[in-house]
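Heads up: the sequence lines are chains V and X, in that order.
Numbering-wise, this note's numbering comes out as the position in the first sequence, counting from 1, plus 3.
Numbering-wise, this note's numbering comes out as the position in the second sequence, counting from 1, plus 2.
Treat the hints with care, since some could be wrong.
As the list claims (entries may be wrong) - Okay, the calculated bits of chain X under chain V, using three or more residues with CB under 8 Å as the criterion:
#1 333 to 345
#2 363 to 371
Claimed, not checked - Now the in silico label distances, taken between C-beta atoms and shown as ranges:
#3 X:Thr368 <-> V:Ala197: 22 to 30 Å
#4 X:Asn342 <-> V:Ala130: 34 to 42 Å
#5 X:Asn342 <-> V:Leu21: 41 to 49 Å
#6 V:Asn285 <-> X:Thr147: 57 to 65 Å
What the hints assert, rightly or not - Computed cross-link-like contacts, DSS-like style, restricted to lysine-lysine with a CA-CA straight-line distance of at most 30 Å:
#7 V:Lys200 <-> X:Lys397
#8 X:Lys254 <-> X:Lys344
#9 X:Lys28 <-> X:Lys68
#10 X:Lys321 <-> X:Lys276
#11 X:Lys196 <-> V:Lys200
#12 V:Lys200 <-> X:Lys344
#13 X:Lys344 <-> X:Lys397
#14 X:Lys375 <-> X:Lys344
#15 X:Lys267 <-> X:Lys254
#16 X:Lys267 <-> X:Lys321
#17 X:Lys276 <-> X:Lys344
#18 V:Lys200 <-> X:Lys68
#19 X:Lys321 <-> X:Lys273
#20 X:Lys28 <-> V:Lys200
#21 X:Lys344 <-> X:Lys273
#22 X:Lys68 <-> X:Lys196
#23 V:Lys200 <-> X:Lys375
#24 V:Lys200 <-> X:Lys267
#25 X:Lys397 <-> X:Lys375
Don't read these hints as lab results, they were simulated from the structure.
Quick reminder that beta carbons are idealized off the backbone N, C-alpha and C, glycines included.
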Amino acid sequence: MKRILDAQLLGPLAAMGLVTLVVALTTDRFLDPGNLSNLALQVSIVSLIAIGATIVIFAGGIDLSSGSMVALLTMVLATLVKNLGVPFWPTLIGVLVLGTMLGALNGVLTAFLRIPSFIVTLSGLIAYRGLALMFNNGSPIFSLDPNLEPIFYGSLFGIPLPFFYLVVFYGAATVMMINTRLGREIYAVGGNPAAAKLSGINVRRVQTYAFAIAGLMTAVGSILMAARLNSGSPNYGQTLELQAIAAAVVGGASLAGGRGNILSTLVGALTIVIVQNALNLNAAPSAVQNVILGLIILVAVGVDMWRAEIARTLGSLMPGRSAEKAREVRRGASSDR
Amino acid sequence: MQPSDEPLWDIVEVSKAYPGVLANDKVSIRLMPGRIHGLLGENGCGKSTLIRLLSGVDRPDSGEIKLRGTPVSLANPTAARAMGIATVFQEFSIVSTLTVAENVFLGRWPRRAFGLIDWDAMRRRSREVLAELDIALDPDAITSTLSVAQQQLIEIAKAVSAEAQLIILDEPTTALGLDEIEQLHRLLRRMRAKGHAILYVSHRLDEVTALVDEVTILRGGRVVRAAGSTAVEVDAIVSAMIGGSVHEHYPKERNTRPEPVMAVKGIASGKGVKDVCFTLHRGEVLGLGGVLGSGRTEIARAIFGLDPLTAGRIEIDGKALRLSGPADAIRAGLALVTENRKTDGLFFNFDGRANISSASLPRFATFGFLNLKREDAEAATLARDLELSRGATEKSVQHLSGGNQQKVVIARWLLSQARVLILDEPTQGIDIGAKLAVYRLINRLTAQGCAIVLISSDHEELMAMSDRIAVVRQGTITDIRAPQEMSHADLVRATTSDNDHEGRTAA
Chain V
4 MKRILDAQLL GPLAAMGLVT LVVALTTDRF LDPGNLSNLA LQVSIVSLIA IGATIVIFAG
64 GIDLSSGSMV ALLTMVLATL VKNLGVPFWP TLIGVLVLGT MLGALNGVLT AFLRIPSFIV
124 TLSGLIAYRG LALMFNNGSP IFSLDPNLEP IFYGSLFGIP LPFFYLVVFY GAATVMMINT
184 RLGREIYAVG GNPAAAKLSG INVRRVQTYA FAIAGLMTAV GSILMAARLN SGSPNYGQTL
244 ELQAIAAAVV GGASLAGGRG NILSTLVGAL TIVIVQNALN LNAAPSAVQN VILGLIILVA
304 VGVDMWRAEI ARTLGSLMPG RSAEKAREVR RGASSDR
Chain X
3 MQPSDEPLWD IVEVSKAYPG VLANDKVSIR LMPGRIHGLL GENGCGKSTL IRLLSGVDRP
63 DSGEIKLRGT PVSLANPTAA RAMGIATVFQ EFSIVSTLTV AENVFLGRWP RRAFGLIDWD
123 AMRRRSREVL AELDIALDPD AITSTLSVAQ QQLIEIAKAV SAEAQLIILD EPTTALGLDE
183 IEQLHRLLRR MRAKGHAILY VSHRLDEVTA LVDEVTILRG GRVVRAAGST AVEVDAIVSA
243 MIGGSVHEHY PKERNTRPEP VMAVKGIASG KGVKDVCFTL HRGEVLGLGG VLGSGRTEIA
303 RAIFGLDPLT AGRIEIDGKA LRLSGPADAI RAGLALVTEN RKTDGLFFNF DGRANISSAS
363 LPRFATFGFL NLKREDAEAA TLARDLELSR GATEKSVQHL SGGNQQKVVI ARWLLSQARV
423 LILDEPTQGI DIGAKLAVYR LINRLTAQGC AIVLISSDHE ELMAMSDRIA VVRQGTITDI
483 RAPQEMSHAD LVRATTSDND HEGRTAA
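Please model the complete structure; the sequences and the hints are all you need to start from.
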């Protein structure tokens, strides 16, 4: 538990609490149950994709391809179910496998062919959308399968299903990052690949796994996207990859790799959605919303970068504590003797 | 009065406190023109603070700094430079994409009309400066193609071209090989002869005693031995630095047993290693001597599976080792502590515990799940055992001192149950107390039957701590002998005659 609730989670959590408080006090309809449940639905797809984006960032890479991959995978799903008559459940499994494989391909190109992941996934961003347009002459496919919509809109014990997806996948990701060898190796590879190699960690395999996980989560997001709109379209998922990265970054993941708490990404995604929701409720034009989203990312990363300076400033306001801290540093430095 | 009797810079009872720590407590030091002044002390003794004060990076809380008898204020780095102080920090201020000449005159490029750079003047003047210092470098060479040692010479040329009267060098030799150190020392002696004052900070006592005229030693922010009180002599310096007498600063124990552990048979790698043969016995320390670039590090990399073998084989306990990467080497009980613990040793994103366990993850995992409790317990036991500073396992390793960081890296390999440890420059850049701790650790490991390959550019250390020494030249072992049968001169002669720096660029 201590490992989950660390400083890397508490900071973003406090920021989200503050944002929520301000929004709740200033915006009347924010706390309506209908609005809150709508919020959960809105955040679910990007949050699930953000799990993969974050794990790739932890491993020292970046994944720009997820948004276009969503378009491609919804088109594959729609074509299989609607045009080729493949049974529903095998199709879903096929989409999950295909997403994982496309992710692994990103990983192989990055890890084994040593092309920077930014370039590999930028190519994917462009090419996957092109591939999506090759299906059905570039037109969306509607009314796919009666089994599809309940996957997104269904509920269990009166709670919408996407809530459970978030709990299950974030739970699994947290356990993976903290309790498994792969999770530790991902942090190690992202933190210092040279040291990881010298520790006997198979750096290339770990990087490939990280991208494969990202592909799997993108496939999960694609299925939910198709279910939500009961359709597949080559236009789905535009800028979704950037929203996912923004969630990770607002949650405090370091783009340099190796640092961050996966749950913070959920907090980051929620923070962004709450702000967007507040702007919507106050009828802010979408142009303004984009400007504000940009500013949120800047401030979140800025606070992260200037953490030391901010702490020092706060510390100098509380002289007793900072003196204690300096003594601690001194003890640390002198204890080699 | 003789000109050299008047100090160029007179620092009088300077104090500087940082929140909660008095880093300099009434430190006085006189820097004479034409003298090389050594500044010594363990990590955290206040050396860096004093250098920061003299370079104008920080300002003292009290005390006086006098230039030729007149109190001055070193308000900022520009002021310090204007008063003739040049500091060569450990991290160079060289722009690697620029040429030598551009770097020598960095920010002070000679101008022509309209603010255009006068390239001819710049080349001519840098050629003059380089010639004056007897530095054989092409002013048009791009600095990134040069060795660390050559880049350092540029830093000094920069100081000279700025007409600095006082040159401060902060641990200038940590990255240099023996011949390069010699070259640096020759240069500093020339500058001394020209009347420059030099403040020289180093951990390496052998080179300090070979170079400096006087020594000031700091401990806990205070001057514990002022310059001029006694001769510059190693034992006295060591005891003053660590605040107690050290009977032996190389506490060597001999633990070699007859059984061989590892046999290296004619290995070669694509990185210039060729036909390397040696046998390592239980409890033995085999020293590898040679200059930077002689191939010692490359031999270590080949044995550890980092560079694929192109010939030969390695046997552990008589069984041939199948080596396709470091994971195989680790499983067979090998360990490599690399030269640069900051670049390829430590995980700065991890606390001490995860740093210690990073090479033992398979052992802590069942079906991919780590046993965090056992990891915790075993790392804590090792930390206690190695006398790591309190709480080191829980805090990020970036907050640990150099000595503690080195212990963390070594602890990693104790946890992985290594039986053959390759230590590449294990005491570089750590203070004497921490060095002693490393030597004791070597003794403890060999007493337990571990074998050690020790790579060191510190010849005294190599001679004192090794049971046998192998001389490495151009990627191969030319000679293996006991240190008693090898004189200091043998090692120097064996190592200084070749002049390639390829190993560095390859690494």
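The hints, checked one at a time:
1. 333 to 345: holds (count 4)
2. 363 to 371: holds (count 6)
3. X:Thr368 <-> V:Ala197: 22 to 30 Å: Once the Cβ atoms are compared, 28 Å apart, the range 22 to 30 Å for Ala197 (chain V) and Thr368 (chain X) holds.
4. X:Asn342 <-> V:Ala130: 34 to 42 Å: holds, 39 Å
5. X:Asn342 <-> V:Leu21: 41 to 49 Å: Taking Cβ atoms as reference, Asn342 (chain X) and Leu21 (chain V) lie about 42 Å apart, which means the hint holds.
6. V:Asn285 <-> X:Thr147: 57 to 65 Å: holds, 59 Å
7. V:Lys200 <-> X:Lys397: Holds. Lys200 (chain V) to Lys397 (chain X) sits at ~23 Å (cutoff 30 Å).
8. X:Lys254 <-> X:Lys344: holds, 27 Å
9. X:Lys28 <-> X:Lys68: holds, 15 Å
10. X:Lys321 <-> X:Lys276: Judged against 30 Å, a Cα distance of about 22 Å means the pair holds.
11. X:Lys196 <-> V:Lys200: Violated - the C-alpha atoms of Lys200 (chain V) and Lys196 (chain X) are around 49 Å apart, more than 30 Å.
12. V:Lys200 <-> X:Lys344: Roughly 14 Å between the alpha carbons, so the hint for Lys200 (chain V) and Lys344 (chain X) holds.
13. X:Lys344 <-> X:Lys397: Distance of about 16 Å is within 30 Å: holds.
14. X:Lys375 <-> X:Lys344: holds, 28 Å
15. X:Lys267 <-> X:Lys254: holds, 28 Å
16. X:Lys267 <-> X:Lys321: Holds, because 12 Å separates the two Cα atoms, which is no more than 30 Å.
17. X:Lys276 <-> X:Lys344: holds, 29 Å
18. V:Lys200 <-> X:Lys68: Violated, at roughly 52 Å.
19. X:Lys321 <-> X:Lys273: holds, 25 Å
20. X:Lys28 <-> V:Lys200: violated, 47 Å
21. X:Lys344 <-> X:Lys273: holds, 23 Å
22. X:Lys68 <-> X:Lys196: holds, 22 Å
23. V:Lys200 <-> X:Lys375: holds, 25 Å
24. V:Lys200 <-> X:Lys267: holds, 25 Å
25. X:Lys397 <-> X:Lys375: Satisfied, since the Cα-Cα distance of roughly 17 Å is no more than 30 Å.
Violated hints, in rising order: 11, 18 and 20; the structure is consistent with all others.
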